[in-house]
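Those protein sequence lines, which keep their order, are chains A and B.
For the first sequence, this note's numbering begins at 19 and goes up steadily by one.
For the second sequence, this note's numbering begins at 2 and goes up steadily by one.
These aren't lab readings, by the way, just hints derived from the structure by calculation.
Keep in mind the model is a prediction, meaning the values are calculated, not measured.
Don't take every hint at face value.
Claimed, not checked - Non-contacting residues of chain B with respect to chain A, defined by C-beta distances greater than 10 Å in every case (computed): (1) E23; (2) D27; (3) M33; (4) G133; (5) N143; (6) A156.
What the hints assert, rightly or not - Just so you have them, the derived chain B footprint on chain A, three or more residues with Cβ under 8 Å: (7) 463-473; (8) 510-518.
Virtual Cβ for every residue (Gly too), placed ideally from N, Cα, C.
Chain by chain, the residues run as shown.
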Amino acid sequence: MTETKPAPTLLGAGVDRVDGLSKVRGEAPFPSDVTYPRLAHAALVRSTIAAGRISRITTRAAEEAPGVLAVITHQNMPRLERGPATLIGPSPVSPLQDDQVFHHGQYVAVVVAESLQQASAAAELVDVEYEVAAGVFDLDDPRGELRVDPWGSGARRGDVEGALASAEVTFEASYSTAANTNNPIGLFTTVAAWEGDTLTLHDSTQWTANVRTTIAALFGLPEESVRVHAPFLGGGFGAGLRVWPHAVIAAVAAQVTGRPVKLELTRPQMFTGIGYRPATEQTVRLGALRTGQLVALQHHATIAIGIVDENPEPVTLISQSAYACPNVDVRDDERRLNIPPPGPLRAPGAAQGTFALESALDELSYKLGMDPLELRLRNYAEVDAHSGLPWSSNALRDCYAVGAERFGWAQRNPEVGSMREDSWQIGYGVASLSYHWWQVRCEARATIGRDGTAFVRSAANDIGTGTRTVMTQLSAELLGLGLSDVRFDLGDSTMPWSPAAGGSGLTTSLGVAVDDACRSLRGKFLELAVQGPGSPLAGCSSDDVVVSGGRLHRKDDPGVGESYAEVLARHGLDELSADGLGAPPDPAQTGLALSPPFAAKFAEVRIDADLGILRVARLLTVVDAGRILNEKLARSQIVGGTIGGIGQALFEETSFDPGTGRIANATFGDYLIPVSADVGDVDVAFVGQPDPLTPVGTKGVGELGLPGTAAAIANAVYHATGRRLRSLPIAIEQLY
Amino acid sequence: MKIVVALRVNEAAARLSLDGPETLLDALRDQMGLEGTKKGCDQGACGACTVLLDGKRVLSCLTLAAQCDGHEVTTVEGLAPDGGVHPVQAAFIRHDAFQCGYCTPGQIMSAVALLDEGRAGSDEEIREFMSGNLCRCAAYPNIVAAIRDVAGEVASHGADSGV
Numbered sequence: 019m020t021e022t023k024p025a026p027t028l029l030g031a032g033v034d035r036v037d038g039l040s041k042v043r044g045e046a047p048f049p050s051d052v053t054y055p056r057l058a059h060a061a062l063v064r065s066t067i068a069a070g071r072i073s074r075i076t077t078r079a080a081e082e083a084p085g086v087l088a089v090i091t092h093q094n095m096p097r098l099e100r101g102p103a104t105l106i107g108p109s110p111v112s113p114l115q116d117d118q119v120f121h122h123g124q125y126v127a128v129v130v131a132e133s134l135q136q137a138s139a140a141a142e143l144v145d146v147e148y149e150v151a152a153g154v155f156d157l158d159d160p161r162g163e164l165r166v167d168p169w170g171s172g173a174r175r176g177d178v179e180g181a182l183a184s185a186e187v188t189f190e191a192s193y194s195t196a197a198n199t200n201n202p203i204g205l206f207t208t209v210a211a212w213e214g215d216t217l218t219l220h221d222s223t224q225w226t227a228n229v230r231t232t233i234a235a236l237f238g239l240p241e242e243s244v245r246v247h248a249p250f251l252g253g254g255f256g257a258g259l260r261v262w263p264h265a266v267i268a269a270v271a272a273q274v275t276g277r278p279v280k281l282e283l284t285r286p287q288m289f290t291g292i293g294y295r296p297a298t299e300q301t302v303r304l305g306a307l308r309t310g311q312l313v314a315l316q317h318h319a320t321i322a323i324g325i326v327d328e329n330p331e332p333v334t335l336i337s338q339s340a341y342a343c344p345n346v347d348v349r350d351d352e353r354r355l356n357i358p359p360p361g362p363l364r365a366p367g368a369a370q371g372t373f374a375l376e377s378a379l380d381e382l383s384y385k386l387g388m389d390p391l392e393l394r395l396r397n398y399a400e401v402d403a404h405s406g407l408p409w410s411s412n413a414l415r416d417c418y419a420v421g422a423e424r425f426g427w428a429q430r431n432p433e434v435g436s437m438r439e440d441s442w443q444i445g446y447g448v449a450s451l452s453y454h455w456w457q458v459r460c461e462a463r464a465t466i467g468r469d470g471t472a473f474v475r476s477a478a479n480d481i482g483t484g485t486r487t488v489m490t491q492l493s494a495e496l497l498g499l500g501l502s503d504v505r506f507d508l509g510d511s512t513m514p515w516s517p518a519a520g521g522s523g524l525t526t527s528l529g530v531a532v533d534d535a536c537r538s539l540r541g542k543f544l545e546l547a548v549q550g551p552g553s554p555l556a557g558c559s560s561d562d563v564v565v566s567g568g569r570l571h572r573k574d575d576p577g578v579g580e581s582y583a584e585v586l587a588r589h590g591l592d593e594l595s596a597d598g599l600g601a602p603p604d605p606a607q608t609g610l611a612l613s614p615p616f617a618a619k620f621a622e623v624r625i626d627a628d629l630g631i632l633r634v635a636r637l638l639t640v641v642d643a644g645r646i647l648n649e650k651l652a653r654s655q656i657v658g659g660t661i662g663g664i665g666q667a668l669f670e671e672t673s674f675d676p677g678t679g680r681i682a683n684a685t686f687g688d689y690l691i692p693v694s695a696d697v698g699d700v701d702v703a704f705v706g707q708p709d710p711l712t713p714v715g716t717k718g719v720g721e722l723g724l725p726g727t728a729a730a731i732a733n734a735v736y737h738a739t740g741r742r743l744r745s746l747p748i749a750i751e752q753l754y
Numbered sequence: 002m003k004i005v006v007a008l009r010v011n012e013a014a015a016r017l018s019l020d021g022p023e024t025l026l027d028a029l030r031d032q033m034g035l036e037g038t039k040k041g042c043d044q045g046a047c048g049a050c051t052v053l054l055d056g057k058r059v060l061s062c063l064t065l066a067a068q069c070d071g072h073e074v075t076t077v078e079g080l081a082p083d084g085g086v087h088p089v090q091a092a093f094i095r096h097d098a099f100q101c102g103y104c105t106p107g108q109i110m111s112a113v114a115l116l117d118e119g120r121a122g123s124d125e126e127i128r129e130f131m132s133g134n135l136c137r138c139a140a141y142p143n144i145v146a147a148i149r150d151v152a153g154e155v156a157s158h159g160a161d162s163g164v
């Protein structure tokens with residue numbers, strides 16, 4: 019069978035979201051919307067110290083409060099192992115296992131009651147006494163255990179010290195980034211319901227299959243006995259990639275009470291219980307020739323981590339391969355602090371690392387007297403430094419060129435502080451981004467039934483990125499069906515296994531599995547179509563037949579053929595299904611490096627020198643993400659991530675009280691995220707070609723919005739004012 | 002002793018039996034099954050729970066249900082009854098003015114009120130008067146475009162648009 023040509027109305031172009039109507043009507047069921055008969059509610063009690071132990075915990079008053087069904091503390095909590103390691107690192111430590119306290123806000127008890135109001139009121143009655151120990155909260159504090167390169171992710175090539183000693187120009191600076199909290203608007207919720215030894219969970223997760231595996235392991239159940247539903251998630255931004263303690267507590271609470279239990283985190287609990295981007299301190303050393311060619315690049319980071327959890331945060335990874343440089347030394351160290359366990363948040367590691375690397379490049383450009391965009395162009399990496407292989411696709415130079423043209427980079431006066439308009443100082447800044455490649459094994463299943471429509475599914479999650487929509491488009495294209503004749507379903511652990519929605523990896527991983535399933539299903543139909551009495555395609559070979567409009571027909575005579583429904587009817591079948599498996603390509607076979615997506619970021623800032631107002635007037639991101647399945651939705655993702663970058667640059671800082679380790683701003687009133695009035699013109703353009711290593715041709719979009727945005731803004735602030743700001747977020751007082 | 006409150010919700014009479022401290026948000030979601038209205042902070046800081054009270058936008062998490070006796074509440078479920086689609090809802094889909102969709106009902110209720118307030122005269126005005134509704138997916142530019150689009154329809158069609 020020949021390839022079905024993509025119908026231009028289905029692919030690339032901006033099809034509206036297939037689940038849009040349910041969202042604008044408020045009908046999309048988020049985990050917090052799930053209810054059961056006899057549903058009980060849980061409220062958590064959190065530690066009010068950051069280090070020490072619980073010396074006494076008194077629950078009697080809470081147990082006797084109206085409506086209370088159970089109070090669970092470390093004294094009566096079942097003993098649980100730690101969950102199994104996953105594709106993206108270790109599981110969080112299981113909750114309520116002993117009297118030890120490692121951070122402010124750690125769960126010390128849960129109250130289950132008939133109503134949320136009763137549970138919350140009774141939670142206030144749990145009396146906890148502590149033995150307080152000295153906490154460590156500062157990345158510079160030597161009392162905190164320093165873990166040197168704990169993940170073995172450090173890398174060296176060449177001789178950095180030698181190259182720095184002989185470089186014509188050298189540059190060195192330190193940078194820091196504050197902790198940032200994910201803060202999806204949807205409160206993370208787990209609804210747990212047992213029926214005998216079978217557990218159903220409705221969970222705020224980005225990885226349905228992992229919740230099933232982890233909970234099954236913790237409770238000693240076969241995986242089939244745990245069913246996880248997550249059709250919709252009210253935002254996660256990485257927080258839904260791990261099975262956090264509250265989900266485990268909800269399952270235990272339901273088991274103990276014999277009732278379905280809903281556990282919805284409060285906004286303050288969203289700051290301490292589901293991870294967040296850890297603070298970093300970084301040092302970058304660069305050596306270059308006068309031509310701008312880099313000869314040495316050293317990038318070291320120290321990253322905050324909790325006392326007992328782990329969190330792989332690849333801050334300096336991007337510096338290994340972002341630029342052509344013969345001598346490179348990168349390393350991520352961690353310091354253990356009495357802080358809530360960090361976790362992934364939008365482009366983990368790259369968000370912090372790109373700020374330091376791209377700020378340093380900008381600083382070097384001024385030292386060289388060279389246009390910062392030109393400096394990046396001169397250090398374009400022709401091959402992938404990890405593998406030494408040529409890129410499977412890399413349109414980074416197009417990102418620079420198209421971006422410069424679209425942004426009007428030529429209008430930039432290179433002199434610092436030279437551009438003004440009335441009282442506004444104007445600055446232009448640029449940053450480059452080479453993200454990580456990420457694709458893992460994934461499964462899907464496609465079915466066409468007697469009515470001629472298709473049902474394609476996988477346990478994957480649509481976290482708002484548009485997975486449901488683009489996979490519907492992809493399936494429709496592959497099966498030669500209209501969009502309305504394809505239903506793509508996901509978010510159910512009984513469906514074929516899928517990796518997480520995260521790391522810009524799902525669309526390719528899942529897309530390849532869907533591609534395989536749909537091609538295989540087409541093949542099965544073709545076999546049947548040429549067989550049996552009455553087949554209009556009898557004798558045709560696969561080369562003679564194409565699929566379109568829900569029909570298999572002769573390529574040279576579209577009138578000769580039959581519909582999927584007719585094929586099934588003629589063979590007396592109700593439906594036909596095929597399984598698809600997507601596996602990552604093997605560079606050893608292709609001879610090409612697995613290419614990540616690339617981007618260039620351009621920023622214009624305006625600073626009112628008299629009033630101290632800093633406005634991000636314009637942001638442009640030019641993206642090479644391979645094939646774009648739906649331009650409208652891909653654009654939304656980049657715009658959203660870019661605005662998240664405005665938050666990282668200007669507003670967001672999770673503040674730990676230096677005395678107690680309590681988060682001092684754990685509300686939306688105090689922790690500022692961008693609002694509509696903070697956002698100026700946010701532009702996006704796509705360049706490049708479909709990546710040849712997979713049949714789908716995608717490289718991932720989601721993570722390209724945020725990283726690099728803060729660097730482009732900080733670089734623009736320097737251009738406008740001559741003030742180099744090396745710590746995030748940029749505060750107004752730093753501008754004077 | 003229970004407090005009994007009689008109100009109208011989405012143009013239908015409703016009675017609530019309350020202990021007292023229940024917010025309008027919890028009463029809508031837990032007692033009336035109107036789960037389209039979302040809880041994002043329960044502190045009046047995110048706008049996800051925005052509903053119309055007598056036609057004006059309010060934060061239902063900061064409104065006690067017991068205060069609503071004799072009042073008219075409109076939630077996202079009441080915008081376009083009988084399976085219809087309100088022009089603001091249609092514009093949100095057309096302009097992809099959301100991603101995860103969680104803050105969306107609150108954004109839409111706020112946008113409907115904003116148009117009624119006559120605050121959609123310019124992008125700057127829309128941005129300013131929609132800034133009480135947080136969107137962490139940051140669909141803000143598309144939200145502004147959607148509202149601008151409907152404001153344009155209103156300007157050109159007047160009352161015919163049904164907004």
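How the hints compare with the structure:
For E23/B, the shortest C-beta to C-beta distance to chain A comes to about 7 Å, within the 10 Å cut-off, and the non-interface label is violated. Listed as a non-interface residue, D27/B fails to keep its Cβ farther than 10 Å from every Cβ of chain A; the least gap is roughly 7 Å. The claim that M33/B is not at the interface with chain A holds, since no C-beta of that chain comes within 10 Å of its own (minimum 12 Å). Taking the minimum C-beta to C-beta distance to chain A, about 8 Å, the non-interface status of G133/B is violated against the 10 Å cut.
Its beta-carbon lying about 6 Å from the closest one in chain A, N143/B breaks the requirement of being farther than 10 Å from that chain. The claim that A156/B is not at the interface with chain A holds, since no C-beta of that chain comes within 10 Å of its own (minimum 21 Å). A stretch counts as covered by a chain when three or more of its residues have a beta carbon under 8 Å from one of that chain; for the segment 463-473 of chain A and chain B the count is 0, and the coverage is violated. Only when three residues or more bring their CB closer than 8 Å to a CB of chain B does the claim for the segment 510-518 of chain A stand; here the count is 0, and the claim is violated.
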